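Chains B and C: place on chain A using the hints.
Residue strings, one per chain:
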Amino acid sequence: MALIFPKSTDQILRLGALAAGLVVIGGAAMGLYVTWPDNLKTGYTPVQPVPYSHKLHAGELGMDCYYCHYTVTKSSYAAVPQTEVCMNCHVRVKPQSPRLEKIRDSYATGKPVEWVKVHKLADFVYFNHQAHVTVGVSCVSCHGRIDQMVEVKQVKPLNMAWCLDCHRNPAPNIRPVEQVTNLAWQPDRDPAEIGRELITAKGINPPQNCSGCHR
Amino acid sequence: MAQNPAALDPHVKPILVQGGASLHKITDDISKITESQTPLKWYIAIGISSSIALILFAMLGWLVWMGIGVWGNNQPVAWAWDITNFVFWIGIGHAGTLISAILFLFRQKWRTSINRAAEAMTLFAVACAGIYPLFHTGRPWRAAYWLLPLPNPYLAMWPNFRSPLVWDVFAVSTYLTVSALFWYVGLIPDLATLRDRAKGVRQMIFGAASLGWRGSARMWNNYEKAYLILAALSTPLVLSVHSIVSFDFATSVLPGWHTTIFPPYFVAGAIFSGFAMVITLMVIARWALNLQYLITIRHLENMNKVILATGTIVGYAYATEFFIAWYSGNPYERFVFINRAFGPFAWAYWAMVTCNVVTPQFFWSKRLRTNVPFMFVLSIFVNIGMWFERFVIIATSLHRDFMPSAWGYFRPTPVDMLTFFGTFGLFVTLFLAFCRFLPVIAVSEIKGMMANEAMHEAMHGQPVNAPAVPEVLEGGRH
Amino acid sequence: MIQITKKLTGKKYWRSLDQFYQTSEFQTWVNREFPSAGQDMLDEPSRRNVLKVMAASFGLAGLTACRRPVEHILPNSKGIEDLIPGRPNYYNTAMPLGGASMGLMVEVNDGRPTKIEGNPNHPWSLGRARAYHQASILQMYDPDRGLAFKESGNNSDWAKFEAWSGSVQGQLGDGSGLRILSEYLHSPSLSAVRKHALTRFPKAQWIEYNAVQTNETALPAIARVAFDKAAVVVALDSDFLGLDSSTVLPVKEYVKGRMVGDADETVMSRLYTVESQFSVTGAAADHRFRSRSSDIGGYANALLAAIQNTTSPLKVVGQTPNTDKAVAAIAKDLIANKGKSVVVCGPRQPGGVHAVVHQINQALGNVGPVVTYLNRTSEQQTSQVDAIKTLAGDMAAGRVNTLVILSYNPAYSAPADLDFVANLKKVANVIYLAPEEDETAALAKWQIPAAHYLESWADSQAPDGTATIHQPTIQPLYGGKTAAELVATLTGFKDKKAYDIVRNYWLPILKDEKGWRKALHDGMVPNTTSTAAATPNFAAWASAPTPAGSGMEVVFVPSWSTYDGRFNNNAWLQEVPDPITKVTWDNAALVSKATASKLGVQMNDVISIERNGRKVEAAVFVQPGQADDSITVALGYGRTRVGRVGEGTGFNAYAVRTTDVFGFGTGFTVSKVAGKSYPLVQTQDYDSQTEPQLVSFQPKATRPVLREGTLAEYKHEPNFAQEMVETPPLRSLYGEYDYSRGNQWAMAIDLNSCIGCNACTVACQAENNIPVVGKTEVARGREMHWIRIDRYYTGNAEDPQAVTAPIPCMQCENAPCENVCPVAATVHSPEGLNDMVYNRCVGTRYCSNNCPFKVRRFNFLAWHHDTKESQKMQWNPDVTVRMRGVMEKCTYCVQRIQEAKIDAKAKGKRWMVDGDVTPACAQTCPSDAIVFGNVNDLNSRVAKMKLSPRNYAMLAELNIKPRTTYLAKLRNPNPELEVRS
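Residue numbers (numbering that gives the first Met the number 0), protein chains in the order written: chain A, 0 to 214; chain B, 0 to 477; chain C, 0 to 980.
If we strip away everything but chain A, and leave its shape as in the complex, we get:
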């Protein structure tokens, strides 16, 4: 009987199948790459109401993180400082600078400055700064070299798998507590080694069970 499809059909089918396969695989790879935490979550750099430069204050002026974020050792929040704290210096330093307009207003009116949140975790995650800072996890481990950023930018994915990496192997991220805010810390020997010593010394044992972070 007559052919319904020309002979070439088989060939076309084979090629078609091959193409389809490639498209699927490629698409999957692409999708995975785009949504991969490191690519999707990092790089967020919102514009702040006040052009505050961490590079200037923490970097060049060498102010300690604790000066403004004084609650990190006492509380789960690393509270953004009250306007008061800014004014401690800025009543004398650049008292007229137009860039500090909002700060002065806030100080006068009592209305808060609306800083934009950069590092966000889901609401069911109870990250606690106190717990980390007091055992010697440095700011840099999660926030990167803030002291080199003019505008603060998220550099770590901050997803659960990423958290667990450190909770399973904390050694590389544990340092002497006094070095926590020293973002440029470069020990003379392997930091992980120092970390291991501290872990044994302090009996550090980060939780890997759910209720460690989810309540």
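It is worth saying that the hints were derived from the structure and are not from the lab.
Please note that a few of the clues may not be correct.
Among chain B residues calculated to face chain A with C-beta under 8 Å, some are [what the hints assert, rightly or not]:
hint : residue
1    : Tyr153
2    : Leu154
3    : Ala155
4    : Pro158
5    : Met203
6    : Gly206
Computed from a predicted structure; not experimentally measured.
Built from N, CA and C at the ideal position, the CB exists for glycine as well.
For chains B and C alone, coordinates are given in the frame of chain A:
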């Protein structure tokens, strides 16, 4: 077309193909169903069934929007109609594979005229069942992929492989895949037949669908091998699927669930309900499509025998449960079973016993076994009974377990009922579509079987239902 | 949803509210947007407006980055002393209720009071609080409470009222037309204002009236009973563990007297109760006798006679040989324990009966060693009922032109025969300090919003005079005022502001600022506790004993949920079931089986209770153990003008409560209302209509879930509880985890102490953001309480004994729920907790099916959708708010455990000991029944309790290894009376 009265007369010794139909006639009749102009009654039927199916989707939408609370589920009865219906449909899905695979391996020739429809039914039933495991969860949009073992760069978490629900996912999806393959491979020669009879677009479609089947001896040889292999693959599945479904209950601590008898008991029950559903559908189909001479009384009778056997096994299982409960001396265990028979859900329990244990016993009588209207009614009873079996196991065990203070009761809501009703709509719609567009009967196999019988007659005039030479060794059928 | 709630509960939301409420532009905005009142802004129907507010306050106005919505951080402009963001502050204050002040400690998160605990320093609280106190915080955030100042229906404000009162002062003259109606006075500063008012207006009168009488308010002198010193306690119609006192001290002392030690040297007090309704005291009793409240007088006289070997002037109506036997046995027991026994009598009973009881105690020499009498802080001599009677008379006669109402909602709660509503209309100037838009507010000329105690400067005294200064924990959300402020302004007191009134009263007493601060900090004013006063002259009360009326009796009791009606709009209390009946969201007419059949009614039928033309229809609840011919009805339901929560709950018993049957009385005609029925809803025994026997009576032998025995049995066989169930050695399919190291959390619950008072349930609800589901959903069996209280009856259906037990998640070491979860949303922590991870849960509910205790709770619907925005301010920021479709359950307050561990780690400490962590239930348990701790620390209380021979694990035969174990209950029956099993 020519009607053979003997087809309906049980006193004529039933044979597999009646009225001495020629091979050509069979091809013709089966193909015509798909070729002839669509009858009005079909439109009416599918109109009704598909609108019922729409109710299902509406209800599911409402469920996802509002939450499980639109159903009657509560504490302590956290599973109710949802899982009941899941197990019910999965059970029905058993007959197909059993008929096509196991009966095939056992060389039961009578399977040939019903296996195609039975397999189709299996697929559709499993599709209906598949709805529940997903939609009974509180957050289906998460359950949809958190239950699958996919690598997750965000959480780096796997499913809990200790959980029977995860086993379910594997069991059911495997079952669906294999049965679908098996069904399709079986279809290929017939699709080719349709292709050869068709013109234009229709020919293109069937041409593509039949994957260039030419019916050469070599092709037949490979085909039979493939068919055999698939049969061998799906045979264990028939047993595994429902065993694993039964683990959902058997592995728990709940009195009434925590029972080692469940796997065999569930499989028997599944075959029981599956065959009942095949009867229900075949009785209608053979009447609607005038296939009495292909789906003969003998086919139906054989299935009724299976129903009788499995029904009795199920009844035995019920008895064993009670005995073990008493024998265990465990007060909680004992209470559950007393509570089943005499507690608030006693009505459900006795409905189950009546439908599943009592009614099949009628099939001891050949007269009833071969009485079409009777078996139709009875098959429906069995299906009702099997639904109640699952409901009794799930609801009555849950509503009164260890702590009397936490005892409750279950009342279904309209949403419960409409959702279940809707699944029937989906099921029937799919089946109607199948009847309309695909050969409802495995033409090639029938023809093979007939040719082989004819040969025997010719050779030594044995009665038609003589033991057959294995079909797989049979050569040219074209 | 979680997303949104977090933003709303964050400190930002509170601060915005704060600003809004203070600034006038907010008020104007509110009035512009909502003519009615401010609360609409905090209201579900106007969510759009809430979003507007949020937008205005912390810029969520649709700013969305490409990747995620922009969130803002709003630091304070200026620092606030001792405020560390993310850290709670605690303030001591007190809650006045039923004439008693309970010292409380309030947790404040970022300016939002979120949780209430008892004040450990306070002698009547001892660090514990009861359900009412726990729930009072929800009262403050109740959006339906929100009130506007109103003058004869029109919006007004405080300034206008000040002006008005200035003008009215002149017209008041000598004050002969001025009446001030308050509740039992136990506030020194308010008393000072009162003194001023009565000197400024000599003819004015100050009336005190509480709709619910308590041990503190009913008598001319407050009986201070040291239950721990009594070897035999006889409670005559007295629910001293439950509703007859709102303080914790009596419970603590009673439980102290029942403490079980080693088998041989255990000494336990013995409790007899004679009562009409089944009270929690009756449930705790060793012997409970059913009797109509009307016959209690008979019992008292009979006892007195038996003790004095005279014959009783009174017969107990329907007296049976059983009664004589009981009386004789009790008398004998009392005589045997002279000087260390006590007879107490409930506040419902008339003075005559109290006088007799006093005679008994004197005859037994218990006055002094066990019973002492305290002076009332109030100066009102006549009984409260007489006082309000006189007031109503004056109003009717038109002798009153100005009435200041400081007490709770008299238009609703005053005795029915006083026609208070009608009389209020006769008074020209009714000034009502309104806690909510209620029945009385509707009739007042001036509606002045009352400040909640958490919002106000005030003070109050415990029954023994111990004074506490209330300090506000938040600015008044609805601009409310305190009673002192109102009266001060009206009568021209020297100080007008609440703060000045309180401070200027106390500063002289406290000497200096330092003293003042210390008093605030401690939550107590030093040296205010009065020493025992002289014995009051009960003889004056000893009216000739009046024989009890026969026939059907009705007894009026406060409600476990609504008290006298003031908590009627409080969802937590509405949903928490009555400890004995387990009925929720309604009150009912409790009748015994016999009475029910006499009336020809069953559960959920409706009866009409009628007396002198006054009538109320109520749903019937057949209560085992209820006295025959006695109907108990709880007050505080059937409100006609109340918020959305209370609307349409229960029936109003006040309608038939007249001055002559204030506590109880006979002469009621009770009849079935044909063809009417009213579905009551219970959290236990859902299907008790079908088989009450099977459901709520636990067959001890076959189902030893709760285990109890007698003291004798215990002494003879200390391990009786453990030996009730025997199992072969149990092995787990999966390997056992080694829990021998590190902190291992565990709980022990002493059934011998639990009185089933609901405090733990409500405390848990407050701590863990647990939603309320409402009556219809409870009827479906979907209530969300993480810790429920089981009540089982034992014995016969007519006259059973009851036992109660709190049931939280047992944190099984081999938890059945964990294996079956397909997504590992519930897993075990190395410290033995059964973690529940809401954000991982997909809601298969398999865990709940496999939980033998059925303590898991599922969010069948989005329960929190109708949590009002203002109530979200109460939410605990340390606990995730669960969305629809996920399972939730008790986790031993894991948020508290984690916080404590983190604090300890910061101090380089990892080993936790008692006191470091306490879950909400254990912290508030008034009877100390719930004990929690680190079981690996052998010095911890929990570890010690688990060594007790009474210690057993529920359903241990399943090899689930629960971390929560129970200590069997012991009863100490009198061998002379037959022991009910």
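Earlier hints that do not hold, by number: Going through the list in order, the structure violates hint 4 alone and respects the others.
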